Each structure stands twice: as C-alpha cells, then as structure tokens.
Amino acid sequence: MASVVHIFCSDTARTGKTLLARVFADLSSLRREGNPIIFDTDISGNGIINYFPEKTSLIDLSMVADQVRMFDTIMQLHDPNGPSVNKGPGAGKKNNQSGVINSAAGSDFVVDVAASDLGRFFEMFNDIGFERGAAEARLDVRIYYLVNWSLKSLQRTEQIRSFLKSSDFFAVRNMGIQAFSFTPAPHEADLVPEIDISLFLKALSPSVFGLVNEKEFSFARFASGEYTEIKTRANREIWNFLEGIYNQTSLPARGSVTS
Amino acid sequence: MKHTLILVGADKGGVGKTTTSRALLDFLARKNIVARAFDTENPRGTLNRFYPQTTQIIDLSNVADQMQLLDSIETAPVKVTIVDLKAGNLSNALQIFDHIGVLDAAAAGDFNLGLVHVVGPSIASLDEMNEVTSYTKNMSYVVAKNFINETNFFEWDDNTYQRYFATLQDAKEIEIPKLNEMAYEQVDLAGVTFSNFTANRDAAGNASDFSFVLRGYVRKWQRDLDVEFENLQLIQNLLHGTSAEQAGGQQRSAANRVQTSAAASGNAPVTAAVRANVAKATNGKVPTGTAPKVPASVKAAPAAAAAHK
Chain A
-6 MASVVHIFCS
4 DTARTGKTLL
14 ARVFADLSSL
24 RREGNPIIFD
34 TDISGNGIIN
44 YFPEKTSLID
54 LSMVADQVRM
64 FDTIMQLHDP
74 NGPSVNKGPG
84 AGKKNNQSGV
94 INSAAGSDFV
104 VDVAASDLGR
114 FFEMFNDIGF
124 ERGAAEARLD
134 VRIYYLVNWS
144 LKSLQRTEQI
154 RSFLKSSDFF
164 AVRNMGIQAF
174 SFTPAPHEAD
184 LVPEIDISLF
194 LKALSPSVFG
204 LVNEKEFSFA
214 RFASGEYTEI
224 KTRANREIWN
234 FLEGIYNQTS
244 LPARGSVTS
Chain B
148 MKHTLILVGA
158 DKGGVGKTTT
168 SRALLDFLAR
178 KNIVARAFDT
188 ENPRGTLNRF
198 YPQTTQIIDL
208 SNVADQMQLL
218 DSIETAPVKV
228 TIVDLKAGNL
238 SNALQIFDHI
248 GVLDAAAAGD
258 FNLGLVHVVG
268 PSIASLDEMN
278 EVTSYTKNMS
288 YVVAKNFINE
298 TNFFEWDDNT
308 YQRYFATLQD
318 AKEIEIPKLN
328 EMAYEQVDLA
338 GVTFSNFTAN
348 RDAAGNASDF
358 SFVLRGYVRK
368 WQRDLDVEFE
378 NLQLIQNLLH
388 GTSAEQAGGQ
398 QRSAANRVQT
408 SAAASGNAPV
418 TAAVRANVAK
428 ATNGKVPTGT
438 APKVPASVKA
448 APAAAAAHK
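Which chain is which? The protein sequence lines are A and B, in order.
For the first sequence, position 217 (counting from the first letter as 1) is numbered 210 according to the numbering used here, and the numbering increases by one without interruption.
Throughout, the numbering used here is defined as the position within the second sequence, counted from one, plus 147.
Worth flagging that the hints you see were computed from the coordinates, not collected in a lab.
In this text the structure is predicted, and so the values were computed from the model without any measurement.
Note that beta-carbon positions come from the ideal geometry of N, C-alpha and C, so glycine has one too.
Some clues are possibly wrong.
Claimed, not checked - Chain A side only, calculated, beta carbon under 7 Å to chain B, not exhaustive:
1. GLN60
2. VAL61
3. ASP65
4. LEU111
5. PHE115
6. ASP120
7. ILE121
8. GLY122
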C-alpha cells in the first residue's frame, strides 16, 4: 500500500488542526507498527509532539537542515534503493528532542504545520518541487486545511488549493469552533471564494473535548476498545466523531489510510 | 554562427565570479549550447574543478596562453567560449585584450564579445564599473549583481548606484539570485555541476544521493537564474541567433566554409589580427611552439567537408 503524507495546516491557530492530525496519526498507527512518522513544526513544543513524543520530530522550518530532515526522510523512504540515509546535512539524523525518527520503509507521515509556518511551508513546498517529487515517487500527499471562517482564511484556502496539482486537498470546517456565521461586508461579497468544504469535524461536547485532549488519550487505544471506563454517551460521541472523519476522507481509488 | 566570447570578471574578489561562470555554463548546457571555458585562476582553477572536461587553465599574462584562448576562436567547433577571469584581474585582462586587438576584432564583427561584470555592494565595485567603461563600447556589457554570498544590496544607496549605472552606455543589469547556503555548499563539496546536482548525479554521471530538499532549492535557483540570463540580448542571440544571422544564414554559409578553411590553414582574419598585435605587444617576440591547441576534430572537419563534396 502506498505511503501517505498527511499535512495539517491552517492560517489560524486553534482551529483543531492538531486534534485532526492526532486522529490520523492514531488511525495510521493501527495500520502498521511504528506508524506514522510525525513532524511537528511548532517548535514551542505545544503541538502534536505532546501526544506522540516517541514518534515526533520537531522541525524548525527556518532551518534548512530541519527542512532537509523532514522532506528528505519522507522522500528517502520511497527511494527504490532503500531507506538509506542521504548525504544531506541533517538528513536522517536522530532527533535529540524527540527520539529517533522511525525510518521503516513504507511508513505514513503526519506533518502538523504551525499556523505561523503556513506561508513558509508552502513556499518551500513549491520551491523544492515536493509535490512533483512525491508524485514521481508514487507517494500520496493529502492536505487538510482547517478553514477559519473569515474572508482572509477563505482566500488563503483557495489560494493553496489552486496551486496544488496532484495532492488531495480537504478543506476542513471544524464545527466545534466559532459560530458558522461569517457574513461578508457588501464590498467584500465578490471577494469571497467558493470553498467546497470536504470534511466537517463534528463538534464535541466540552466534557468529551476535555477528555480527548488529555495527553494520555489515544484514539488508537480508544478504537481498540481499551478505554472501558468511558461512559456510553461519551463513547458514542467519540465514535461518531471518528466515523465522520473516516467517511468523509476515504479515498478508495488511492487506498485510504483508514482502509 | 558567429563565435561568442564571454568574459566573466570582477576586480573585487569573493563576489561570486566563478559561481556566475558555472551558472552560465550550466545554463548553456541545459539549452543545448556547447561551450568551452578558460579558467585564468592559474595554476589551480576553481572552474576547472567543476568542468574538467571543458575547461582549460591558462595564465592570461602569458602570451602562449593568450594565443591558446584567442587563436582558436574561429576554428573551434564550439561556438561559445567563457573566460573566468582571475579575481582582481578584470581591468588588467581588458587592457591586455585591448592591447592585442581583441576588442577591435569584436568591434569589427569578427565575433561577439560580452563581459559579465560581477559586482558586490561596495563603492569599490561601483568604481570598477567606471574603470571598465572605456573598454566596453563595442561589447555586450552586463553588470551582474550577485546575491549568492548573502550579499546585502541595501548597503548600496540606490540613488548612488543608479547614478553610476546611468553612466554606463548600453549596460544591462541582471541579478544572480541567492542560492541557499547549504545547497551551495553541498554542490561545492560534491564538485559537480548544478545540473548534475539537481539530477542527483555525481561528477561521473552515476546516480547519487543528494538531498531532495537541496536539489529542489538548486532547481528553483536555476529557474530564477534562467529568467535573468534569457533577458540578455547576448544570450538571446545564442539561443535564437541574431535577426541578421537568421536572415542571411544561407548566404553566409558558403562564405563561412571558405573562412573555416582559411582558419584551418592558420590564416583566419581574427587569428592574423591578433597574432600581429601580439607580435607588436611583445616586440615581435612571439614565442615559438605556441600553436593553438586546435582539437583534432576541428582540424579534421574541413577535410571531412571536402571529402563530402
């Protein structure tokens, strides 16, 4: 099965990006032992690394050595000659902050892009020709863009969607944040792009939201039935949440990560 | 096609002169334009390290080496010559070329001559431009602002720069975009051409394992640089031919054959003019045994053409 790179991004902080990334990381871990390899560009350490410290590498996108470490690791695992460490500085090195990057061939990848890194990430994505390289390596790239309901965010969403060629793009609306109430001013009406939301995240009740945000909580362990103590109502709510994501992101033609 | 001689130089060291030469050779190669190069960083040329097959190291102060460069211009099958001038040697080199009649020959239309003057952000670099203008009347003069070495051109007061630049008649300006330091360093360490690096090939052409990210950065840099080079008339002529050449190509081909034969026999007009001037400059002491190293293939070409007839 082809490896998948799941990229989670938004132009705004606190849109549920890391929550969604965690779901995919956990579901991916059920597919294959050691899965996935996770990169977190939030170098403050407040991102997904809190939930997967053993599998996550912190990436400072302002450092080329870190860019090399992330993208080259991804590309190397698709090298037909094997997952050897390349000669680029920093590539394949151990991550002192978060342990050793799992370099098993065939892994999936989760990239949690901090909102403040959005521009830099996609500039680099374009500059280094990552999409083309990934397509050549038959590596599926899926980009999940958490849309904030504002003109600026909608325009940014459209901007990023429009320059992608071979990647799958999911505009994600998190129903758990903000009211669905963006109304453009009359002079802005023509400026609002039409965004086809392809993934709606169901809103979680405050208590369940608090539960799943605990550092110890794992969607993988939940799906495996390990949390027997969770009450039925909360249990159903989390299942609904996960099934909603599953049903909206299954791409049978490409082989979904959740298949 | 008329031969094109492109000099790449600077009076100031460390401004990215050899990188510019490498970039130019790389650009031409990607456009399927075969070029040869001379590296005047004698005895150990940097350009030669990246292009050992096409680069000869010469000492421009040596008459024999001058002849090696110039005498084969008309006879060489390769129609583009890049000369990477040693750091601090631009004015001196132009003086030499002027003295031995190269500039006059170019002015007479015997070949195309271009100068890519790589400049840094100092006033010294601006002064350099003033110094070379007396030589650049009949050549394509290109001022290349190089951002390769983290150069910060804001150090220049733009008004000052524009005042200097305005005095340069028919000068063109290009910017060598900044290449990420790590990518630059890796290409340098690998000792390969930029294109080999992006193609993930070592110097021998074998598959290598250069960083995907760094290759991507070099590829982007090449794309940006292509735009700059393609803006130059000198380069456009190489890519598409001059309009005059395009119009009169057929009529001239016959004349060219005659001229090629003359060149092969050592009597080419440029060669003769330069020889005469070299003799004048050296008080007649043209060293013996300094016959240009014309490749065997060139010498064979007229014979082959004759046989074909």
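**Report entry** Numbered hints the structure breaks, given as an ascending list
**Finding:** Hint check: 4, 5 fail, others pass.
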